[in-house]
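Number of protein chains: 2
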Amino acid sequence: MESIKYIEENKQRFLDELFELLRIPSVSADSKFKGDVRKAAEFLKANFEKIGADNVEICETAGHPIVYAEKIIDPSKPTILVYGHYDVQPADPYELWDSPPFEPVLKDERIYARGACDDKGQMYMHVKAFEAMVACDELPCNVKFMIEGEEEVGSDNLGVFVAENREKLKSDVIVISDTSIISNEHPSITVGLKGLSYLQVEVTGPNRDLHSGVYGGGVANPINTLCDMIASLMDDKGRITIPGFYDKVVELTQEQRDELNKAPFNLDDYKKDLGIKEVKGEDGYTTLERVGIRPTLDVNGIWGGYIGEGAKTVLPSKAYAKISTRLVPDQDNKEITELIKNHLESIAPDYVKVKVTPHHGGNPAVTSTEGAGYQAAAKAIEKAWGKAPIPTRDGGSIPIVALFSDQLQVDSVLLGMGLDEDAIHSPNESYGIFNYYKGIETITWFHQYFAQK
Amino acid sequence: MESIKYIEENKQRFLDELFELLRIPSVSADSKFKGDVRKAAEFLKANFEKIGADNVEICETAGHPIVYAEKIIDPSKPTILVYGHYDVQPADPYELWDSPPFEPVLKDERIYARGACDDKGQMYMHVKAFEAMVACDELPCNVKFMIEGEEEVGSDNLGVFVAENREKLKSDVIVISDTSIISNEHPSITVGLKGLSYLQVEVTGPNRDLHSGVYGGGVANPINTLCDMIASLMDDKGRITIPGFYDKVVELTQEQRDELNKAPFNLDDYKKDLGIKEVKGEDGYTTLERVGIRPTLDVNGIWGGYIGEGAKTVLPSKAYAKISTRLVPDQDNKEITELIKNHLESIAPDYVKVKVTPHHGGNPAVTSTEGAGYQAAAKAIEKAWGKAPIPTRDGGSIPIVALFSDQLQVDSVLLGMGLDEDAIHSPNESYGIFNYYKGIETITWFHQYFAQK
Numbered sequence: 001m002e003s004i005k006y007i008e009e010n011k012q013r014f015l016d017e018l019f020e021l022l023r024i025p026s027v028s029a030d031s032k033f034k035g036d037v038r039k040a041a042e043f044l045k046a047n048f049e050k051i052g053a054d055n056v057e058i059c060e061t062a063g064h065p066i067v068y069a070e071k072i073i074d075p076s077k078p079t080i081l082v083y084g085h086y087d088v089q090p091a092d093p094y095e096l097w098d099s100p101p102f103e104p105v106l107k108d109e110r111i112y113a114r115g116a117c118d119d120k121g122q123m124y125m126h127v128k129a130f131e132a133m134v135a136c137d138e139l140p141c142n143v144k145f146m147i148e149g150e151e152e153v154g155s156d157n158l159g160v161f162v163a164e165n166r167e168k169l170k171s172d173v174i175v176i177s178d179t180s181i182i183s184n185e186h187p188s189i190t191v192g193l194k195g196l197s198y199l200q201v202e203v204t205g206p207n208r209d210l211h212s213g214v215y216g217g218g219v220a221n222p223i224n225t226l227c228d229m230i231a232s233l234m235d236d237k238g239r240i241t242i243p244g245f246y247d248k249v250v251e252l253t254q255e256q257r258d259e260l261n262k263a264p265f266n267l268d269d270y271k272k273d274l275g276i277k278e279v280k281g282e283d284g285y286t287t288l289e290r291v292g293i294r295p296t297l298d299v300n301g302i303w304g305g306y307i308g309e310g311a312k313t314v315l316p317s318k319a320y321a322k323i324s325t326r327l328v329p330d331q332d333n334k335e336i337t338e339l340i341k342n343h344l345e346s347i348a349p350d351y352v353k354v355k356v357t358p359h360h361g362g363n364p365a366v367t368s369t370e371g372a373g374y375q376a377a378a379k380a381i382e383k384a385w386g387k388a389p390i391p392t393r394d395g396g397s398i399p400i401v402a403l404f405s406d407q408l409q410v411d412s413v414l415l416g417m418g419l420d421e422d423a424i425h426s427p428n429e430s431y432g433i434f435n436y437y438k439g440i441e442t443i444t445w446f447h448q449y450f451a452q453k
Numbered sequence: 001m002e003s004i005k006y007i008e009e010n011k012q013r014f015l016d017e018l019f020e021l022l023r024i025p026s027v028s029a030d031s032k033f034k035g036d037v038r039k040a041a042e043f044l045k046a047n048f049e050k051i052g053a054d055n056v057e058i059c060e061t062a063g064h065p066i067v068y069a070e071k072i073i074d075p076s077k078p079t080i081l082v083y084g085h086y087d088v089q090p091a092d093p094y095e096l097w098d099s100p101p102f103e104p105v106l107k108d109e110r111i112y113a114r115g116a117c118d119d120k121g122q123m124y125m126h127v128k129a130f131e132a133m134v135a136c137d138e139l140p141c142n143v144k145f146m147i148e149g150e151e152e153v154g155s156d157n158l159g160v161f162v163a164e165n166r167e168k169l170k171s172d173v174i175v176i177s178d179t180s181i182i183s184n185e186h187p188s189i190t191v192g193l194k195g196l197s198y199l200q201v202e203v204t205g206p207n208r209d210l211h212s213g214v215y216g217g218g219v220a221n222p223i224n225t226l227c228d229m230i231a232s233l234m235d236d237k238g239r240i241t242i243p244g245f246y247d248k249v250v251e252l253t254q255e256q257r258d259e260l261n262k263a264p265f266n267l268d269d270y271k272k273d274l275g276i277k278e279v280k281g282e283d284g285y286t287t288l289e290r291v292g293i294r295p296t297l298d299v300n301g302i303w304g305g306y307i308g309e310g311a312k313t314v315l316p317s318k319a320y321a322k323i324s325t326r327l328v329p330d331q332d333n334k335e336i337t338e339l340i341k342n343h344l345e346s347i348a349p350d351y352v353k354v355k356v357t358p359h360h361g362g363n364p365a366v367t368s369t370e371g372a373g374y375q376a377a378a379k380a381i382e383k384a385w386g387k388a389p390i391p392t393r394d395g396g397s398i399p400i401v402a403l404f405s406d407q408l409q410v411d412s413v414l415l416g417m418g419l420d421e422d423a424i425h426s427p428n429e430s431y432g433i434f435n436y437y438k439g440i441e442t443i444t445w446f447h448q449y450f451a452q453k
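One line per chain: the protein sequences are G and Z, in this order.
Numbering follows my numbering, in which position 3 of the first sequence is assigned residue number 3; successive positions increment by one, without gaps.
Numbering follows my numbering, in which position 104 of the second sequence is assigned residue number 104; successive positions increment by one, without gaps.
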């Protein structure tokens, strides 16, 4: 196919363009990067126009904008809707990066930068595959792009946009590259995603910071109280103690669990890679099951009192924590958020005040391996990688997958090309150029096979 | 007495000079204020020289310097050693201050600034009482000053200085104004002080920050683990669970406890002042007892993960806490620090690494109400305030009191003039000018009565 040759011939430019995009610190969570988030959107708009997309526009929302582009070659042909996001996670802690997060570098065949994999690198594979097919006049079906800038903060405004643009977004399949494969030796397709419920807790003790000597022991310390509350959220079997939390969790059959555990996984390598002596999780489940099919709870951040250099004997007025749970079918993120909020408020002792603020959430999703989308993706991987993909269930959350099936009644295919070692959301996030180029090729084949359905 | 008139006539200047001292941000805990700490020492040296002290010197230590000054009028007369400190607590959180911490303002007869009471304001009362007595030729005994700059970080180098200067520091009593009275209606003298053991805990889970979706549930989260560990340090009766922690605690007799509980205290006012619905503490003890005679444990600071704006779904590599305990006779701070360190290391689960770093500590101290120093102080308060003082036991720690009795075999008298409402160690620390002036007068009388002993 001409497109594949075109990709080969334009490799270096495809990389240079991605570097340019990675240099824009489009951190959606932090308002001080607001201008940069828009810059990233404008970068995409300009590129779409250059490579021959039609009706390219920056769609305003109550938050960061959504970039839309399309190419309708023949209304009677199938339509692929590409979803991705151009915003990135905050880069802190900056001091743990070996090179500045927004100055991409190529090292050992890997691109190091915040967003290299999640999701600029993976999203841009679609843009370049589209460029190749258009340039070689090999685009076999209609394509629509919807690239948002709020995925890392919960896609709050995407729901509204989708609801208001059902016609415009009409399509036969949605394809998303924002997940990982098991390894380059074992390409895989994610068929299960977790939901998310994210809350912030504020515990207030005395109305001002106090001297821990003059008041210590006489007044509740909100940090100690917050620790008590957090510790009580999980029992010694690693189960979450919030009443009703597991009510809607679908237990997999032993067959399904066996299938899941067939995925190549080595516990010793896993521990070695993370530098830990032991893993920890819910009793009675393997690590793959804990991460893939069981709901989980993590404190994502905690702070209170004096956290500077040296020692300060303060009994603080306030303590805070950011707590999130990952959800599995059929848990509903709004219900769970309500459950957690009510539970935290109900266990708050009367010697403190507790304020719980829901941040954002999303529902879990499981996609079928029978649909045309999955079938075309599997064929494309087999063609490009020389191996049939393994279906896997991933601990990550892409809330919009559930949103799309509700709002647009269209299945999503998760054609991710990332690896665990990409360390997304961490310092020194990276993305292998092998995966970047292989992804562009795979996506090109995906279009061919899907058009033939 | 002439000196009292002199104080009256120089009130405004005494206040202006204190303001000048308060403008120097001499925060000993934070190395970026190192230069300012020395500035405060130099301010004192200059003032001592101006008001007629002899052998004034800035004594270097491994850390911040100690200011020494003296006036020996007659070796056969008794000698008073004044101890105080010119360093202050960190001022954060700055945003909670109504006026900048190092720009003192006078409002409703109160001086608002970091260090206004603890201890610049109280320490400077001695300097100005000394000035008055020298100016009026009414100094009735020998006086030595030892003003340090590391009290807020554990007086690490004071011990060395004292040990190396026993002869120079020879005295009949040590007087310290770094404590509070019950109220201006109920002047009191602190006869009991708590010891302190302060440690920092670092919990390390995975060797890097992880995506909480991809790894959550499969790997221990160091924040959750730290919360579990902290929660386990106290039981539901408010007792500290560290083995051996209470072994050396001297239980007071019912008579002593009754005596202690005679001090004027209103629980409703206490709760109202702190804005809390309920108090919390060790079962079986009153608030006065919990704060005064029982050992306590407080988390003074905690941090880990993402603490910025918005939401970040991170499973962090590390979590930290600063933990301190207040000790009572006969607990030894070094023993307790060792106990806590060993305990924290022993309860650390094998899925994390725990590092415990002792910060600083001090031993508890109880001073006698029979000694000449206490008697002279009691008479001075009766003279200046028109009321006999109530002996109290205070939750605060002045480790050097125990150090002095060990090293110099001299009793200390805690002639503090602060009030709880001064909010030391908190934002908007303040000191009443009534207490400032009344303190200068009380100290002047103290010298007269002690000289007569």
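No lab work stands behind these hints, which were simulated from the structure alone.
Quick caveat: nothing in here was measured; it's all calculated off a predicted structure.
For glycine and all other residues, C-beta sits at the position ideal for the given N, C-alpha and C.
Hints may be right or wrong, so weigh each one.
As the list claims (entries may be wrong) - Simulated DEER-style distance windows between Cβ atoms:
hint : chain 1 : residue 1 : chain 2 : residue 2 : range
1    : Z       : 96        : G       : 254       : 38 to 46 Å
2    : Z       : 94        : G       : 406       : 58 to 66 Å
3    : G       : 100       : Z       : 334       : 41 to 49 Å
4    : Z       : 94        : G       : 421       : 57 to 65 Å
5    : Z       : 284       : G       : 34        : 36 to 44 Å
6    : Z       : 371       : G       : 357       : 51 to 59 Å
7    : Z       : 350       : G       : 183       : 23 to 31 Å
As the list claims (entries may be wrong) - Here are the simulated lysine-lysine pairs, DSSO-like style, with alpha carbons at most 27 Å apart:
hint : chain 1 : residue 1 : chain 2 : residue 2
8    : G       : 237       : Z       : 237
9    : G       : 355       : Z       : 237
10   : Z       : 277       : G       : 353
Checklist entry - Out of the numbered hints, which ones does the structure contradict? => result 1, 2, 4, 5
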